[in-house]
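Asks: Line by line, the protein sequences are chains A and B. The numbering of the first sequence is my numbering, which starts it at 343 and goes up by one. The numbering of the second sequence is my numbering, which starts it at 303 and goes up by one.
Everything labelled a hint here was simulated from the structure, so no lab data went into it. Glycine included, C-beta positions come from ideal geometry on N, C-alpha and C. Mixed in with the good hints there might be a few duds.
What the hints assert, rightly or not - Here are some chain B residues pointing at chain A (derived, C-beta under 7 Å): (1) Tyr-314; (2) Ala-518; (3) Leu-530; (4) Val-532.
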Amino acid sequence: MTKMIVVTVKLYGQRRTKKIKLTQGAKIADLLKQLNYNPDVVAVRCNKKIVPEEERLLNDDIVEIIPIVTGG
Amino acid sequence: MKCTFCGRRAVYNRRYAGTLLCDRCLTKSVERRFWRAVAEHKLIAPNEKIAIAVSGGKDSVVALHLIADYCKNKNCEVAAVTIDEGIKGYRDHSLPVARENAEELGVEYLIVSFKEAYGATLDEIVRVAKKRKSRQHPCTYCGVMRRSLLNKAARELGADKLATAHNLDDEAQAIMLNYVRGDFSRLHRLGPIYPPREGFVPRIKPMREIPEKEIALYALLKDIKVHLAVCPYADGIHTEIRDFLNDFEVKHPNTKFMIVRMFDRMKPHLAGAMHEFEMQRCNFCGEPTSTSVCKACELLVQLGFKRQK
């Protein structure tokens with residue numbers, strides 16, 4: 343059976359968090375795809391550190407998604 | 303994951319170059335691109351006064367920091383100008399951020415509002431436009447009036463150049479938008495510098511070769527206070543083109559650079575295709591224009607706003 347991990351996802355500037363289940367070995371890019379985010383329009387902090395989308399996630403990681411496409 | 307250049311922990315995958323970058327290498331690279339653009343296109347000369355359009359968003363605040371730092375070594379003066387269009391719940395949140403950054407850097411700071419200049423905020427203008435069933439998008443009113451006020455403010459400040467924080471994404475979007483609209487006149491004016499003409503302060507775009515995401519990461523990594531929010535009026539064809547280019551960039555990295563580079567190669571050949579027009583003064587506000595009434599006054603008069611001669 344495929345092993346699963348659970349990460350906590352928070353959107354920048356919001357208090358609400360969401361628990362997301364992913365397969366073990368999933369990357370930030372997989373999480374963004376699942377949440378329908380284009381990696382070019384967000385920055386991601388994992389456990390308070392900015393990380394590239396290719397970084398693998400671990401169980402209980404806290405991920406903050408920062409939308410960077412702003413303005414008009 | 304390790305930085306391709308120094309082996310430290312990577313924070314960013316620069317897919318279009320096939321490299322991973324750590325915080326130090328990424329911020330240095332952003333600064334180098336800014337300096338290269340300034341040097342290559344001769345955007346800032348020693349002893350000049352540079353006015354910077356600062357909204358409080360990430361691009362303009364990072365531009366303010368980079369230009370202020372560059373100008374320290376070139377004996378240049380810097381002034382930050384914020385246009386308060388009067389967008390409730392948006393501009394009122396970004397204004398304090400712009401001011402804080404200008405104060406932190408010890409830069410002259412000026413706010414110019416639509417309300418003072420035109421007698422109405424953008425929110426009020428949009429409300430009237432909707433009532434009158436105008437087909438103009440709010441961005442048309444905002445863009446035209448903001449550009450006019452920025453130019454006027456820069457001129458009154460005695461600035462030699464007016465810097466805007468257009469990034470690589472903005473420039474690629476503008477090129478595509480003008481293609482889609484078949485707007486040759488606007489297309490041929492794009493580029494790193496808009497040459498001097500009577501009444502206009504030359505506009506420069508020193509951030510034009512830096513992708514939007516790298517500017518955002520620069521602000522986050524340098525802990526620069528910025529306002530991250532989307533304008534409530536942002537929708538329509540601009541956002542469609544932006545989303546299209548972002549999707550395309552993920553599938554085909556380097557697309558945005560290629561669009562801008564290709565345009566830059568074509569630009570010298572476009573120069574002779576446009577007729578030069580004689581500059582006039584707007585009958586209402588006295589600002590420079592190609593016709594008897596400038597676009598800002600024309601739009602306002604169409605909506606029934608009074609313009610004083």
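Asks: Could you work out which earlier hints the structure fails to respect and list their numbers in ascending sequence?
Replies: none
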